[in-house]
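Kindly generate the complete structure, drawing on both the sequences and the hints.
Protein chains in written order, with my numbering: chain Y, 58 to 406; chain S, 7 to 375; chain L, 62 to 357.
Some hints could be false.
Stated by the list, open to error - Okay, derived cross-link-like pairs now, DSS-like style, lysine-lysine, Cα gap no bigger than 25 angstroms in a straight line:
#: 1; chain 1: S; residue 1: K370; chain 2: S; residue 2: K28
#: 2; chain 1: Y; residue 1: K297; chain 2: Y; residue 2: K394
#: 3; chain 1: L; residue 1: K245; chain 2: Y; residue 2: K394
#: 4; chain 1: S; residue 1: K161; chain 2: S; residue 2: K17
#: 5; chain 1: S; residue 1: K161; chain 2: S; residue 2: K175
#: 6; chain 1: S; residue 1: K109; chain 2: L; residue 2: K271
#: 7; chain 1: L; residue 1: K245; chain 2: S; residue 2: K17
#: 8; chain 1: S; residue 1: K28; chain 2: S; residue 2: K369
#: 9; chain 1: L; residue 1: K258; chain 2: S; residue 2: K161
#: 10; chain 1: L; residue 1: K104; chain 2: L; residue 2: K245
#: 11; chain 1: S; residue 1: K112; chain 2: S; residue 2: K161
#: 12; chain 1: L; residue 1: K153; chain 2: Y; residue 2: K266
#: 13; chain 1: Y; residue 1: K394; chain 2: L; residue 2: K154
#: 14; chain 1: L; residue 1: K245; chain 2: Y; residue 2: K297
#: 15; chain 1: Y; residue 1: K184; chain 2: Y; residue 2: K173
#: 16; chain 1: S; residue 1: K109; chain 2: L; residue 2: K323
#: 17; chain 1: L; residue 1: K120; chain 2: L; residue 2: K258
#: 18; chain 1: Y; residue 1: K297; chain 2: L; residue 2: K271
#: 19; chain 1: L; residue 1: K319; chain 2: Y; residue 2: K64
#: 20; chain 1: S; residue 1: K337; chain 2: S; residue 2: K351
#: 21; chain 1: Y; residue 1: K171; chain 2: Y; residue 2: K131
#: 22; chain 1: S; residue 1: K36; chain 2: S; residue 2: K185
#: 23; chain 1: L; residue 1: K245; chain 2: S; residue 2: K115
#: 24; chain 1: Y; residue 1: K64; chain 2: S; residue 2: K17
#: 25; chain 1: L; residue 1: K154; chain 2: Y; residue 2: K64
#: 26; chain 1: L; residue 1: K319; chain 2: Y; residue 2: K266
These are calculated hints, taken from the structure and not from any lab test.
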Amino acid sequence: MSMRPGKLWSRTVFLLILATIASTVILPILYFLTISFASNYEAYQFPAKIFPTFSYSAQLRYNAEKDSYTLLLKKGSTYEAVKTTQDVSDFSLYCKSQLNVLLSSAAVQELFNKAKNTDHALPIKLKKDFFRNYIVFFILAEGSMCALFNSLKAAGWTILISLILGGVSGYIMARYKFKFSNTFSTSLLVVRMFPAVALSLPLVVYIMKMNLYDTSFALAIVYAVPNIALTAWITSSIFKGISVELEEAAMVFGATRLKTLMTITFPLAFPAIIASSLYAFLAAWNDSITALIMTNNNPTLALLVYRTVGSSTIPNLPAAGAVVLLVPSLIFTFIIKNYINQLWGKVAL
Amino acid sequence: MVSYLKLNSLKKTYPNGVTAVKDIDLEIEKGEFVVILGPSGCGKTTTLRMLAGLEEVTNGSIILNGRDITHLPPRQRDISMIFQSYAVWPHMTVAENIAYPLKLRKMDKHTIHSKVQEVARICNILDYLNRYPAQLSGGQRQRVAVARALAVDSKLSLMDEPLSNLDAKLRTSVRTFLKEIHRNTGATTIFVTHDQAEAMALADRIVVMNEGKIEQVGSTREIYNQCGSLFTAQFMGTPPANIQKVSLISNQERLIANDKNAETQFSLDLGNQSAFPGIDRYIGEEIFLAIRPENINISEPKGINETSIEIVEPQGAYTILVTKVFGSEWKIMLEGDIDIRIGQKVSLIIDPGKIMLFDAQSKKRVNFS
Amino acid sequence: MNRMRRAGFFKSPIWFLVPVIIYYAAFWIRPTISVIIESFTDKSGVFSFANYVRLFSQKSMRTAFLNTILFTLGSAILQFILAFALALWLNKKFRFSNLVLFITLIPMAFPPAAVGILWKTGLYRFGWINSFLCSLGLMNPANPVDWMSFRNLYAVILLIIIDTWTVLPSVMIILLAGLQNFNKEFEEAGWVFGANKFQTLKDIVFPIMKPTIITAMILRMIAAVQVWLIAVMIFGYNVVPFLVERIAYNVDVITFAKYARKDAYTISVIVAAIVLISVSIYLRVSGEKQKGGEIA
Numbered sequence: 058m059s060m061r062p063g064k065l066w067s068r069t070v071f072l073l074i075l076a077t078i079a080s081t082v083i084l085p086i087l088y089f090l091t092i093s094f095a096s097n098y099e100a101y102q103f104p105a106k107i108f109p110t111f112s113y114s115a116q117l118r119y120n121a122e123k124d125s126y127t128l129l130l131k132k133g134s135t136y137e138a139v140k141t142t143q144d145v146s147d148f149s150l151y152c153k154s155q156l157n158v159l160l161s162s163a164a165v166q167e168l169f170n171k172a173k174n175t176d177h178a179l180p181i182k183l184k185k186d187f188f189r190n191y192i193v194f195f196i197l198a199e200g201s202m203c204a205l206f207n208s209l210k211a212a213g214w215t216i217l218i219s220l221i222l223g224g225v226s227g228y229i230m231a232r233y234k235f236k237f238s239n240t241f242s243t244s245l246l247v248v249r250m251f252p253a254v255a256l257s258l259p260l261v262v263y264i265m266k267m268n269l270y271d272t273s274f275a276l277a278i279v280y281a282v283p284n285i286a287l288t289a290w291i292t293s294s295i296f297k298g299i300s301v302e303l304e305e306a307a308m309v310f311g312a313t314r315l316k317t318l319m320t321i322t323f324p325l326a327f328p329a330i331i332a333s334s335l336y337a338f339l340a341a342w343n344d345s346i347t348a349l350i351m352t353n354n355n356p357t358l359a360l361l362v363y364r365t366v367g368s369s370t371i372p373n374l375p376a377a378g379a380v381v382l383l384v385p386s387l388i389f390t391f392i393i394k395n396y397i398n399q400l401w402g403k404v405a406l
Numbered sequence: 007m008v009s010y011l012k013l014n015s016l017k018k019t020y021p022n023g024v025t026a027v028k029d030i031d032l033e034i035e036k037g038e039f040v041v042i043l044g045p046s047g048c049g050k051t052t053t054l055r056m057l058a059g060l061e062e063v064t065n066g067s068i069i070l071n072g073r074d075i076t077h078l079p080p081r082q083r084d085i086s087m088i089f090q091s092y093a094v095w096p097h098m099t100v101a102e103n104i105a106y107p108l109k110l111r112k113m114d115k116h117t118i119h120s121k122v123q124e125v126a127r128i129c130n131i132l133d134y135l136n137r138y139p140a141q142l143s144g145g146q147r148q149r150v151a152v153a154r155a156l157a158v159d160s161k162l163s164l165m166d167e168p169l170s171n172l173d174a175k176l177r178t179s180v181r182t183f184l185k186e187i188h189r190n191t192g193a194t195t196i197f198v199t200h201d202q203a204e205a206m207a208l209a210d211r212i213v214v215m216n217e218g219k220i221e222q223v224g225s226t227r228e229i230y231n232q233c234g235s236l237f238t239a240q241f242m243g244t245p246p247a248n249i250q251k252v253s254l255i256s257n258q259e260r261l262i263a264n265d266k267n268a269e270t271q272f273s274l275d276l277g278n279q280s281a282f283p284g285i286d287r288y289i290g291e292e293i294f295l296a297i298r299p300e301n302i303n304i305s306e307p308k309g310i311n312e313t314s315i316e317i318v319e320p321q322g323a324y325t326i327l328v329t330k331v332f333g334s335e336w337k338i339m340l341e342g343d344i345d346i347r348i349g350q351k352v353s354l355i356i357d358p359g360k361i362m363l364f365d366a367q368s369k370k371r372v373n374f375s
Numbered sequence: 062m063n064r065m066r067r068a069g070f071f072k073s074p075i076w077f078l079v080p081v082i083i084y085y086a087a088f089w090i091r092p093t094i095s096v097i098i099e100s101f102t103d104k105s106g107v108f109s110f111a112n113y114v115r116l117f118s119q120k121s122m123r124t125a126f127l128n129t130i131l132f133t134l135g136s137a138i139l140q141f142i143l144a145f146a147l148a149l150w151l152n153k154k155f156r157f158s159n160l161v162l163f164i165t166l167i168p169m170a171f172p173p174a175a176v177g178i179l180w181k182t183g184l185y186r187f188g189w190i191n192s193f194l195c196s197l198g199l200m201n202p203a204n205p206v207d208w209m210s211f212r213n214l215y216a217v218i219l220l221i222i223i224d225t226w227t228v229l230p231s232v233m234i235i236l237l238a239g240l241q242n243f244n245k246e247f248e249e250a251g252w253v254f255g256a257n258k259f260q261t262l263k264d265i266v267f268p269i270m271k272p273t274i275i276t277a278m279i280l281r282m283i284a285a286v287q288v289w290l291i292a293v294m295i296f297g298y299n300v301v302p303f304l305v306e307r308i309a310y311n312v313d314v315i316t317f318a319k320y321a322r323k324d325a326y327t328i329s330v331i332v333a334a335i336v337l338i339s340v341s342i343y344l345r346v347s348g349e350k351q352k353g354g355e356i357a
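Here it is, written out as structure tokens:
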């Protein structure tokens, strides 16, 4: 059956929309990733590259008059001189810091010797230490690993507090109707609406009094405030969907309420619990402002990345940090994707 | 005479390769109440949805009142429909639900109002006009769906298993109600269901479908008594027909059915061979035998077709007896309250005219009385 | 589990809510009240409106207020239209819809700090936005646009676009979930009874989707009012002021200035008030009638 013209049109429009969406999302990310792998030299290049490079096409030229060596890097169709020096360690340092190329002094000396014996410029290929930026940001720069762990600790506490307090509230809200149940759920909603910033400021004072200033636990306390409400909201709607009769059946057949909760209710509500944990995780992992207010020497990773942007002028190192910041988020968001329907399908204000 | 609704070689194949409806040909007269009957997955709902324009037709055509509507969108077909879930819009009141299709047809307010009142009265929902569907029971919502379809004076009325979600008692009363409406309006109606009792009660003609094809089209009587295929025989009737694969032999001008399975050694005397014209070529062959429970009677043991009664199920107006024939459970349905004991020996009396035989390969009906 | 042992007696399940209530009393009610009080007292501890007066006399504050309102409204409208369209499109379940959903969700996974860097590297004169436009021939490499020099309304619009990139998937997901739970027969009944695609959308799909839409938009607006990180990472402090950006400025940059703390508190109260007011206006305008039951 041949396509009618109407169908051809809609097929084209469809592909157009598809292409637009894909490129709008993917192009910036590709550029961003490339920048995170870019050396300082590459970061200054314009136009920026969309895919990262793994090596440089270069030339090494020996200047007999001055007994120096000039490094030229390929730019477009010509070669651009970037560094002239006589000193082996100077050259090696330049390669390491500006090009992300690791060459030992011995290797440099060898290259120099070769260049000396070549008539014109010696064509060389400099291999990049591809992950240098990441190594610099995380291992060499101070505090990055600590910040990472702080983020993880804060996230962990947030999940724990939110699940316990929120999950219990959600269950009770789903199963029991008591006098002020409506007030309770509305107030949980109001809490969710309240800007977190406003809380952090006064809380700093209490936290300091409790000697918890600058700890991940303190952060978790603040992150948990809206997340308990969100968890309660999500879990209560899932629990409502789990028929009471399932629990009653278990209890009729001899299980205690506790056992029922653990073997019947909990597994059935698993998607909600996972999703709530993930939202709690993301809240803790992504936040910068509360961390800004409540920490000083023990920042979270998100805060550290934010600060790094301010202090450095070239974006490649912060980009590397941001990519690492991004990874857990990405993973957890894709896990959430499968539960979204169950989550939001039944929830409404 | 040109029929009102004509389906020509209608076919539906899904993108994943599954063909749900395979070449349906059907002609329907104006004002007929046609029921499409079949088990789940037979293609009846798909056919209805193609008529509605909710499924794309892969091949074939639909002609309604001389107009080819095959590829028209639903709203240009002049149809109304009652959905299985009723599809009563939750954000509109009952009155608004009924009025909406009329508003779309650009009727003036006055006409709409009187039409709404009229159908609400017929469907007995006048009290609910200002309520929202969430405040109604399932049965009430169903009546709203009926009223909405009724208000639109359309050429074709489609109903997709509208009684399935009602409880048993409600189902029978609404069934009668729908039949009444049809009698008053005379609208051409296509009704889809899997419930054969429903189909028999409502239909002018029944279209039995199986695996995407039409098995048989006919009146209730024709479908029930003159089954064209084994499938129809199996599908129609409660309790279902007794069916057995047997081999036929001729003995002294009597037609005898034997079970091939040597162990049981059961023979059923089917009657004088002359009662089965054209049966000769099946002598010595295997064949499917089908007899409805109500077409079997019993007498004291007379030496022919002797069995013993194993279970007695009194049902008030009739009694069901279970016995073993050819080693399988056969049911007998007798009028009234029968005084019989378990284990009692009886002779089965079968009217040759009610025996149905089906070719073992094609499963199509062989003899016609 | 601990929660069972924590409650001493099992008389009524309400006792299980006590820990939560205590938690909120300590970590929400108390701080909230103290913030409000602090904002209404001057340096000497006397009740006064001095803080508010001082703030609103500052040009940067008024600009911040205006920018925040503009940003919230602009981004809400843009994101709603795009998210709804996208959700409708994805709901059609065409062959690669799962993959496309996958892709559209990616920006949602970006932490604000990462988004800031992503776009900062794009927006400066030699960034990847200009690189891309040059490679397409739409821009002269010798004369690249300096996006970061945008000010005022243009800067806010730029931020709305960047915010939309990040946030669109999270709005779309809520709408998509609502659509997927939407009984298709409601739509089909519309088509059968005479509505064209547009009428079906307007009269049937949209009204039934209202609760979902409201949920999504409220969550979105609450977040939008608190925009700051993107603005700071791209433009720096003080360039394009927003309310929470002012708070961050007071906390991080001028921490020990005379009125830094008071200002931070006061602005927080203002932000909270705006959130509450805009949410209640929205609820009223969208007409949440009680229809005697759930619609889901």
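Checked hints:
Between K370(S) and K28(S), the direct Cα distance comes to roughly 19 angstroms. Compliance with the 25 angstroms bound is thereby established for this hinted pair. Annotation: proposed proximity of K297(Y) to K394(Y) holds, straight-line Cα distance about 22 angstroms (limit 25 angstroms). Of the pairs offered as hints, the one joining K245(L) and K394(Y) holds, with about 22 angstroms between alpha carbons and a cut-off of 25 angstroms not exceeded. Pair hint K161(S) plus K17(S) holds up; C-alpha atoms about 23 angstroms apart against a cutoff of 25 angstroms.
Between K161(S) and K175(S) the alpha-carbon distance is near 31 angstroms, which puts this suggested pair outside the 25 angstroms criterion. Restraint check: the Cα-Cα separation between K109(S) and K271(L) comes to about 22 angstroms, which is no more than 25 angstroms; the hinted pair holds. In summary, the hint linking K245(L) to K17(S) is supported, as the alpha carbons are separated by about 23 angstroms, within the 25 angstroms threshold. Between K28(S) and K369(S) the alpha-carbon distance is near 19 angstroms, which keeps this suggested pair within the 25 angstroms criterion.
Distance check on the hinted pair: K258(L) and K161(S) sit about 22 angstroms apart at the alpha-carbon level, within 25 angstroms; holds. A threshold of 25 angstroms between alpha carbons decides the hint, and for K104(L) with K245(L) the separation of about 62 angstroms lies outside it, so the pair is violated. With a C-alpha separation of about 18 angstroms, the suggested pair K112(S) and K161(S) falls inside the 25 angstroms cut-off, and the hint holds. The hinted pair formed by K153(L) and K266(Y) fails the criterion: a straight-line CA distance of about 56 angstroms is larger than 25 angstroms.
Proposed proximity of K394(Y) and K154(L) is supported: the alpha carbons are some 16 angstroms apart, at most 25 angstroms. The straight-line distance between the Cα atoms of K245(L) and K297(Y) is roughly 24 angstroms, inside the 25 angstroms bound, and the hint therefore holds. Simply put, K184(Y) and K173(Y) have alpha-carbon atoms about 21 angstroms apart, close enough for the 25 angstroms limit, and the pair holds. A C-alpha spacing of about 60 angstroms is found between K109(S) and K323(L), which places the hinted pair above 25 angstroms, so the restraint is violated.
For the hint pairing K120(L) with K258(L), the CA-to-CA distance comes to about 49 angstroms; that exceeds 25 angstroms, so the pair is violated. Restraint check for K297(Y) and K271(L): the C-alpha separation of about 21 angstroms stays at or below 25 angstroms, so the hint holds. With a C-alpha separation of about 68 angstroms, the suggested pair K319(L) and K64(Y) falls outside the 25 angstroms cut-off, and the hint is violated. At roughly 15 angstroms between alpha-carbon atoms, K337(S) and K351(S) fall within 25 angstroms of each other, so this suggested pair holds.
The suggested pairing of K171(Y) with K131(Y) holds, with an alpha-carbon distance near 19 angstroms, which does not exceed 25 angstroms. About 16 angstroms separates the Cα atoms of K36(S) and K185(S), which keeps this hinted pair within 25 angstroms; it holds. Simply put, K245(L) and K115(S) have alpha-carbon atoms about 29 angstroms apart, too far for the 25 angstroms limit, and the pair is violated. The suggested pairing of K64(Y) with K17(S) holds, with an alpha-carbon distance near 20 angstroms, which does not exceed 25 angstroms.
For the hint pairing K154(L) with K64(Y), the CA-to-CA distance comes to about 17 angstroms; that is within 25 angstroms, so the pair holds. At most 25 angstroms may separate the alpha-carbon atoms for a hinted pair to count; K319(L) and K266(Y) meet this at roughly 23 angstroms.
Of the hints listed earlier, those the structure fails to meet are numbers 5, 10, 12, 16, 17, 19 and 23, in rising order.
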